[in-house]
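Go ahead and model the full structure; you've got the sequences and the hints to work with.
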Amino acid sequence: MQIEVFTMCNSAQIYEGKMMILGTCNQLAIEKMPTKCQQLMLAIRFACDPSEEAKKIPCSINVLDPNNKPMVQPISLDLGEPNVEAGMTSYNFCIDCSGLLFVEYGLYTICVKVGKEEYTYRFNITKPIKQ
Numbered sequence: 155m156q157i158e159v160f161t162m163c164n165s166a167q168i169y170e171g172k173m174m175i176l177g178t179c180n181q182l183a184i185e186k187m188p189t190k191c192q193q194l195m196l197a198i199r200f201a202c203d204p205s206e207e208a209k210k211i212p213c214s215i216n217v218l219d220p221n222n223k224p225m226v227q228p229i230s231l232d233l234g235e236p237n238v239e240a241g242m243t244s245y246n247f248c249i250d251c252s253g254l255l256f257v258e259y260g261l262y263t264i265c266v267k268v269g270k271e272e273y274t275y276r277f278n279i280t281k282p283i284k285q
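All residue numbers for the sequence shown refer to the numbering used here, where the first residue is 155 and numbers rise by one.
Honestly, the hints are just simulated from the structure, not real lab data. All of these numbers come straight from a predicted model, not from anything done at the bench. Any given hint could be a false lead.
Unchecked claim - Lysine-lysine pairs mimicking DSS-like chemistry, simulated, CA-CA at most 27 angstroms apart: (1) Lys186 with Lys281; (2) Lys223 with Lys190; (3) Lys172 with Lys267; (4) Lys270 with Lys223; (5) Lys267 with Lys223; (6) Lys281 with Lys190; (7) Lys281 with Lys223; (8) Lys267 with Lys190; (9) Lys190 with Lys284; (10) Lys186 with Lys284; (11) Lys186 with Lys223.
What the hints assert, rightly or not - For each label pair, taking beta carbons as the anchor points, the in silico distance ranges come out as: (12) Gln285 with Glu239: 43 to 51 angstroms; (13) Arg276 with Ser230: 17 to 25 angstroms; (14) Gly241 with Glu185: 47 to 55 angstroms; (15) Glu271 with Gln193: 28 to 36 angstroms; (16) Lys284 with Met174: 28 to 36 angstroms; (17) Gln193 with Asn221: 19 to 27 angstroms; (18) Lys186 with Val238: 40 to 48 angstroms; (19) Gln192 with Glu239: 31 to 39 angstroms; (20) Ile184 with Asn222: 16 to 24 angstroms; (21) Glu185 with Asn237: 37 to 45 angstroms; (22) Asp232 with Glu185: 32 to 40 angstroms; (23) Gly241 with Asn164: 29 to 37 angstroms.
Using N, Cα and C, we set each Cβ at its ideal position, and we do this for glycine too.
So, in C-alpha cells, the structure goes:
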C-alpha cells in the first residue's frame, strides 16, 4: 500500500470515485492565535494492488502540534469500499480539519500509519507578511 495523494487543502470531496481537491497548501498565514480555520481539509489517497485489497489493514492518523504533542486523539480509519480502476485499487479520504484549534505558530505534523508504513505531512502556520 502506498500514498498517492497526501495534502491539506481548502476543499476536497469524492465524486464518482474521483477525488476533487481545491486549494492545496503547506503553509497558512494566520493573523491571530488561537484560531480555527474555516476551510481546512486533509485529502488522502491510498493505492494498492488487488492482492492487498482483501486484507484488513489498520490505518490511523495523528495530528501533532509544533512541540510534537497530539492535538486530538488518534483517528482510526476504516478503509471501506475500494475504488477499482485498471487493475489498481485505491481508497480516498477527505477529512474535515476545520474544527482543529491551533494555539501557536510553527510546524505542525500529520502522521498517517497504514499497516507497518508511516507517512508524514508537515505544514507551517505563520503570521502574515506585511507588505
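Here is how each hint holds up against the structure:
1. Lys186 with Lys281: holds, 8 angstroms
2. Lys223 with Lys190: Holds, at about 18 angstroms.
3. Lys172 with Lys267: holds, 23 angstroms
4. Lys270 with Lys223: holds, 22 angstroms
5. Lys267 with Lys223: holds, 17 angstroms
6. Lys281 with Lys190: The hint holds at about 14 angstroms.
7. Lys281 with Lys223: Holds, because 21 angstroms separates the two Cα atoms, which is no more than 27 angstroms.
8. Lys267 with Lys190: holds, 25 angstroms
9. Lys190 with Lys284: Holds - the C-alpha atoms of Lys284 and Lys190 are around 21 angstroms apart, at most 27 angstroms.
10. Lys186 with Lys284: holds, 14 angstroms
11. Lys186 with Lys223: holds, 21 angstroms
12. Gln285 with Glu239: 43 to 51 angstroms: holds, 45 angstroms
13. Arg276 with Ser230: 17 to 25 angstroms: holds, 22 angstroms
14. Gly241 with Glu185: 47 to 55 angstroms: holds, 48 angstroms
15. Glu271 with Gln193: 28 to 36 angstroms: At 29 angstroms between Cβs, range holds.
16. Lys284 with Met174: 28 to 36 angstroms: holds, 34 angstroms
17. Gln193 with Asn221: 19 to 27 angstroms: holds, 26 angstroms
18. Lys186 with Val238: 40 to 48 angstroms: holds, 46 angstroms
19. Gln192 with Glu239: 31 to 39 angstroms: holds, 33 angstroms
20. Ile184 with Asn222: 16 to 24 angstroms: holds, 20 angstroms
21. Glu185 with Asn237: 37 to 45 angstroms: holds, 39 angstroms
22. Asp232 with Glu185: 32 to 40 angstroms: About 37 angstroms separates the Cβ atoms of Asp232 and Glu185, which means 32 to 40 angstroms holds.
23. Gly241 with Asn164: 29 to 37 angstroms: holds, 33 angstroms
Every hint from the earlier list agrees with this structure, and none is contradicted.
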